[in-house]
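Number of protein chains: 2
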Amino acid sequence: MTSTPLKIAIAGLGTVGGGTVELLTEQADLLAGRAGRRLEIVAASALERPAGLALDGVQFFTDARVLAREAEYDVLVELIGGASGVALDVVRAALERGKSVVTANKAMIAHHGVELARLAEQTGANIGFEASVGGGIPIIKSLREGLAGNRVTKVMGILNGTCNFILSTMQDTGRDFADVLAEAQALGYAEADPTFDIDGIDTAHKLAILASLAFAMPVSIDAVTCEGIRHVSALDIRYAQELGYRIKLLGVATISDINGEMAVECRVYPAMVPLSFPLAHVGGPFNAIVTEGDFVGRTVLEGRGAGARPTASAVVADLMDLATGRVGPTFGVPVDRLEPRPTAPRGTGRSAWYIRLMVRDEPGVFADIAAALRDEKVSMEQIIQRGRAPNQTVPVVMTVHETDEAAMLRAVARINGLSSVAEPPRLIRIESL
Amino acid sequence: MTSTPLKIAIAGLGTVGGGTVELLTEQADLLAGRAGRRLEIVAASALERPAGLALDGVQFFTDARVLAREAEYDVLVELIGGASGVALDVVRAALERGKSVVTANKAMIAHHGVELARLAEQTGANIGFEASVGGGIPIIKSLREGLAGNRVTKVMGILNGTCNFILSTMQDTGRDFADVLAEAQALGYAEADPTFDIDGIDTAHKLAILASLAFAMPVSIDAVTCEGIRHVSALDIRYAQELGYRIKLLGVATISDINGEMAVECRVYPAMVPLSFPLAHVGGPFNAIVTEGDFVGRTVLEGRGAGARPTASAVVADLMDLATGRVGPTFGVPVDRLEPRPTAPRGTGRSAWYIRLMVRDEPGVFADIAAALRDEKVSMEQIIQRGRAPNQTVPVVMTVHETDEAAMLRAVARINGLSSVAEPPRLIRIESL
Numbered sequence: 001m002t003s004t005p006l007k008i009a010i011a012g013l014g015t016v017g018g019g020t021v022e023l024l025t026e027q028a029d030l031l032a033g034r035a036g037r038r039l040e041i042v043a044a045s046a047l048e049r050p051a052g053l054a055l056d057g058v059q060f061f062t063d064a065r066v067l068a069r070e071a072e073y074d075v076l077v078e079l080i081g082g083a084s085g086v087a088l089d090v091v092r093a094a095l096e097r098g099k100s101v102v103t104a105n106k107a108m109i110a111h112h113g114v115e116l117a118r119l120a121e122q123t124g125a126n127i128g129f130e131a132s133v134g135g136g137i138p139i140i141k142s143l144r145e146g147l148a149g150n151r152v153t154k155v156m157g158i159l160n161g162t163c164n165f166i167l168s169t170m171q172d173t174g175r176d177f178a179d180v181l182a183e184a185q186a187l188g189y190a191e192a193d194p195t196f197d198i199d200g201i202d203t204a205h206k207l208a209i210l211a212s213l214a215f216a217m218p219v220s221i222d223a224v225t226c227e228g229i230r231h232v233s234a235l236d237i238r239y240a241q242e243l244g245y246r247i248k249l250l251g252v253a254t255i256s257d258i259n260g261e262m263a264v265e266c267r268v269y270p271a272m273v274p275l276s277f278p279l280a281h282v283g284g285p286f287n288a289i290v291t292e293g294d295f296v297g298r299t300v301l302e303g304r305g306a307g308a309r310p311t312a313s314a315v316v317a318d319l320m321d322l323a324t325g326r327v328g329p330t331f332g333v334p335v336d337r338l339e340p341r342p343t344a345p346r347g348t349g350r351s352a353w354y355i356r357l358m359v360r361d362e363p364g365v366f367a368d369i370a371a372a373l374r375d376e377k378v379s380m381e382q383i384i385q386r387g388r389a390p391n392q393t394v395p396v397v398m399t400v401h402e403t404d405e406a407a408m409l410r411a412v413a414r415i416n417g418l419s420s421v422a423e424p425p426r427l428i429r430i431e432s433l
Numbered sequence: 001m002t003s004t005p006l007k008i009a010i011a012g013l014g015t016v017g018g019g020t021v022e023l024l025t026e027q028a029d030l031l032a033g034r035a036g037r038r039l040e041i042v043a044a045s046a047l048e049r050p051a052g053l054a055l056d057g058v059q060f061f062t063d064a065r066v067l068a069r070e071a072e073y074d075v076l077v078e079l080i081g082g083a084s085g086v087a088l089d090v091v092r093a094a095l096e097r098g099k100s101v102v103t104a105n106k107a108m109i110a111h112h113g114v115e116l117a118r119l120a121e122q123t124g125a126n127i128g129f130e131a132s133v134g135g136g137i138p139i140i141k142s143l144r145e146g147l148a149g150n151r152v153t154k155v156m157g158i159l160n161g162t163c164n165f166i167l168s169t170m171q172d173t174g175r176d177f178a179d180v181l182a183e184a185q186a187l188g189y190a191e192a193d194p195t196f197d198i199d200g201i202d203t204a205h206k207l208a209i210l211a212s213l214a215f216a217m218p219v220s221i222d223a224v225t226c227e228g229i230r231h232v233s234a235l236d237i238r239y240a241q242e243l244g245y246r247i248k249l250l251g252v253a254t255i256s257d258i259n260g261e262m263a264v265e266c267r268v269y270p271a272m273v274p275l276s277f278p279l280a281h282v283g284g285p286f287n288a289i290v291t292e293g294d295f296v297g298r299t300v301l302e303g304r305g306a307g308a309r310p311t312a313s314a315v316v317a318d319l320m321d322l323a324t325g326r327v328g329p330t331f332g333v334p335v336d337r338l339e340p341r342p343t344a345p346r347g348t349g350r351s352a353w354y355i356r357l358m359v360r361d362e363p364g365v366f367a368d369i370a371a372a373l374r375d376e377k378v379s380m381e382q383i384i385q386r387g388r389a390p391n392q393t394v395p396v397v398m399t400v401h402e403t404d405e406a407a408m409l410r411a412v413a414r415i416n417g418l419s420s421v422a423e424p425p426r427l428i429r430i431e432s433l
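Chains as they are written, first to last, in full-length UniProt numbering: chain C, 1 to 433; chain E, 1 to 433.
Keep in mind that the hints were calculated from the coordinates and are not lab data. Incorrect hints may have been included.
[What the hints assert, rightly or not] Label-pair restraints from in silico Cβ distances:
#1 Asp294/E <-> Pro50/C: 17 to 27 Å
#2 Leu409/C <-> Glu183/E: 55 to 65 Å
#3 Ser432/E <-> Thr4/C: 43 to 53 Å
#4 Glu183/C <-> Ala182/E: 50 to 60 Å
#5 Ser233/E <-> Leu243/C: 52 to 62 Å
#6 Glu191/C <-> Ile384/E: 45 to 55 Å
#7 Asp294/E <-> Pro5/C: 44 to 54 Å
#8 Glu191/C <-> Ser432/E: 30 to 40 Å
#9 Thr123/E <-> Leu47/C: 46 to 56 Å
[Stated by the list, open to error] Covered stretches of chain C, as calculated for chain E (at least 3 residues, CB under 8 Å):
#10 20 to 31
#11 144 to 152
#12 310 to 319
#13 332 to 345
#14 417 to 423
[Unchecked claim] In silico SDA-like pairs for lysine to any residue, Cα to Cα no more than 25 Å straight-line:
#15 Lys377/E <-> Ala344/E
#16 Lys7/E <-> Asp294/C
#17 Lys7/C <-> Gly325/E
C-beta atoms are modelled at their ideal positions from N, C-alpha and C, and glycine is treated no differently.
With the sequences and hints as input, model every part of the structure.
Given below as structure tokens:
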């Protein structure tokens, strides 16, 4: 066994930091046996020294920046969070010293990944960010190494446990979004300010990272369009179930040839998926990622997407790679070889759709709706209208076959203009593989 | 870019060999960009030079042993197959020369993995065998690296596409085993001699490999008990469906404390799984592996388990690791640190069960069966008997709650001895997580 331990400094001792300390302590011998050297926590920082963590003999800092600049370590584990601020400062400081970094910080990687990867290349450091996407699921390693022989054409996933919990619970109980969100907050599954989760921003960060690895392009959050789950109603959930679908918040990244150029589309949206869909059964706190590669075909990786212990598992996987020298460029290739990709113009994609209208039950309304669809060559698959309530507002639900998004949006705009349509139509993509 | 290419010799140009040549040729630039050096096929062997493969400028051998001993390469890709014979000879020859090996050969790794890993350590070579389990699914890398922070307690999977195709087809069509097997053979999904697949031997090889990685023990096929799918009847498939289960051939490896020792149980058997089970929806040619780790919890990896292109994807992943120096001990730790584990004695496990009896419909028969179960403290969950046919043989199906295997086997032996029981009872484990 090499006598030199891997010296670890941990910045941030919250949930994930605590889990990481626990793992490194509990499994110290196991890890040493596997790595051929010990993984040793030498320094840590937090605003206050937390009780109950095994940090004897560990140099303690209340200022993470001082830790990053002054402590003696081989690798800094950044578990503070936030796209910039202290987290970014300490990561920059470590990399500038030529020290490697392991982080769970998806926001920082999504916003500053290219800059950090370049800095790491300049100073000979490495960056591990397995914990930034999919909790304990080894998705970063799989994309970067396990599927390295493939041209990946699509990567898609359920990437946010909070949204998945809320949607699963809405489905199981028939309750409303606001109600279930309040419960999730009470249970600690959702933050007091849930914006990042439920508006899809967290999913967008993770999708940007996956797309960068999958398509070897510079990570960029700007390329991701984002629609959250606030407006998913109990009514739509009920119809989805009746139609044989579940509603899941998906991040979907695809690359395809558009007018001779490989263009990328990165989108976050709630989608209806059929029960046979590989992600349909991913419930509660689980995440799952589907990848399509030209040789491997479809792979699906599923596991716990968050929490102290699963995330610590991913952090330590990166530490083990560093300890054993299994390292390489941050995004699979050197930054200068990442190829910027144009964003596919909106409306170029094709999809099947669910449309829910609230219409006043008047004579002729169906004819107007049907004409709007026909004129855009949108082909209807199913239609549900229950009972009748003359001159009152009733839901009318349709599904349409795969169609150009632009045509669909034009048809819906026209439908929205009909005097008998009482609310803007609710449009949900139906995902298939 | 490093100017030195990785020089590859391919022994065996059948289905997977052909797929590997295709991948290395089609994606040559992509791979070079990712690895920082070219992956170059310099030599190949097959009994006859195959038409239609891009092997211009490649030194060709008809004797793989000569290729292994004499060609100038960095890594030998063994795609001949078979536990020993030529495959083993060429792998030994390469390792003895200090050349690394990449192989898809589960039988060879299961039977000779320890010897080969030791040889590789002695000569400074490496062995990649990602393609030996789960086709294109990066399960070896995930177990060895992605979950390296975990104590794995269970690894379980659908590991044989032929059996999965047969069982899925039996379920979808209601047809009999022999009939579906014949179709699978006609379609090329099953070999002319299907023994390795349908008797579970192929699954056993793969399970032995997974267990070795998961529990850091010397790979050994002797530890695996093996039951195939020959006796799975259309009748049992039908009852399974009625009860809300599917029948899948599983390989299951667990480690647990038995009398103060960590004992391992490795078994291959057809099991009933509830529809909510993570493997229930894995159909046709797909494989999937569930892993339970103490920090990560449950992960599931799914993908195509065989075929030229998915297997080539795994072969090339190993080649990319070699090309970039991401290497380590064959089974995650040096051979001398692999710990032999005792095999859990038969009957120590607990499980729920499905039991199908063929009984002569006589007065008192239920009382005798119920008494046998009661005396062994086996608690019945459901019972199905349709109609009545006095003095004829009818199926009686029961499911029982989780119970000690030994007690279950004793109860079944007693039931088998009843004069009204016309055939040996059919016992199928009901798997849960």
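To see whether the hints hold, each was checked on the structure:
Between Asp294/E and Pro50/C the beta carbon distance is about 22 Å. The supplied range of 17 to 27 Å therefore holds. The given range of 55 to 65 Å is broken by Leu409/C and Glu183/E, whose C-beta atoms sit roughly 46 Å from each other. At roughly 45 Å, the beta-carbon separation of Ser432/E and Thr4/C lies within the given 43 to 53 Å, and the hint holds. Evaluation of the 50 to 60 Å hint for Glu183/C and Ala182/E yields a pass: the beta carbon distance comes to about 54 Å.
At about 36 Å, the CB distance of Ser233/E to Leu243/C disagrees with the hint of 52 to 62 Å. The hinted range of 45 to 55 Å is satisfied by Glu191/C and Ile384/E, whose Cβ atoms lie roughly 49 Å apart. At roughly 23 Å, the beta-carbon separation of Asp294/E and Pro5/C lies outside the given 44 to 54 Å, and the hint is violated. Taking the beta carbon of each, Glu191/C and Ser432/E are about 34 Å apart, inside 30 to 40 Å as hinted.
With their beta carbons about 53 Å apart, Thr123/E and Leu47/C fall inside the hinted range of 46 to 56 Å. Coverage of a stretch by a chain is defined here by at least three residues with a beta carbon nearer than 8 Å to that chain's beta carbons; for the region 20 to 31 of chain C and chain E the count is 4, and the condition holds. Here the region 144 to 152 of chain C counts 7 residues with a CB under 8 Å from a CB of chain E, which clears the bar of 3, and the coverage holds. Against chain E, the region 310 to 319 of chain C contributes 8 residues with a C-beta closer than 8 Å to a partner C-beta. That satisfies the three-residue criterion, and the hint holds.
Counting residues of the region 332 to 345 of chain C whose C-beta lies closer than 8 Å to any C-beta of chain E gives 4; at least three are required, and the coverage claim holds. Counting residues of the region 417 to 423 of chain C whose CB lies closer than 8 Å to any CB of chain E gives 0, so the stated coverage by that chain is violated, three being the minimum. Between the alpha carbons of Lys377/E and Ala344/E the distance comes to roughly 22 Å, so the proposed pair stays at or under 25 Å and holds. Between Lys7/E and Asp294/C, the direct Cα distance comes to roughly 24 Å. Compliance with the 25 Å bound is thereby established for this hinted pair.
In summary, the hint linking Lys7/C to Gly325/E is supported, as the alpha carbons are separated by about 22 Å, within the 25 Å threshold.
This entry does not satisfy hints 2, 5, 7 and 14, going by the numbered hints stated previously.
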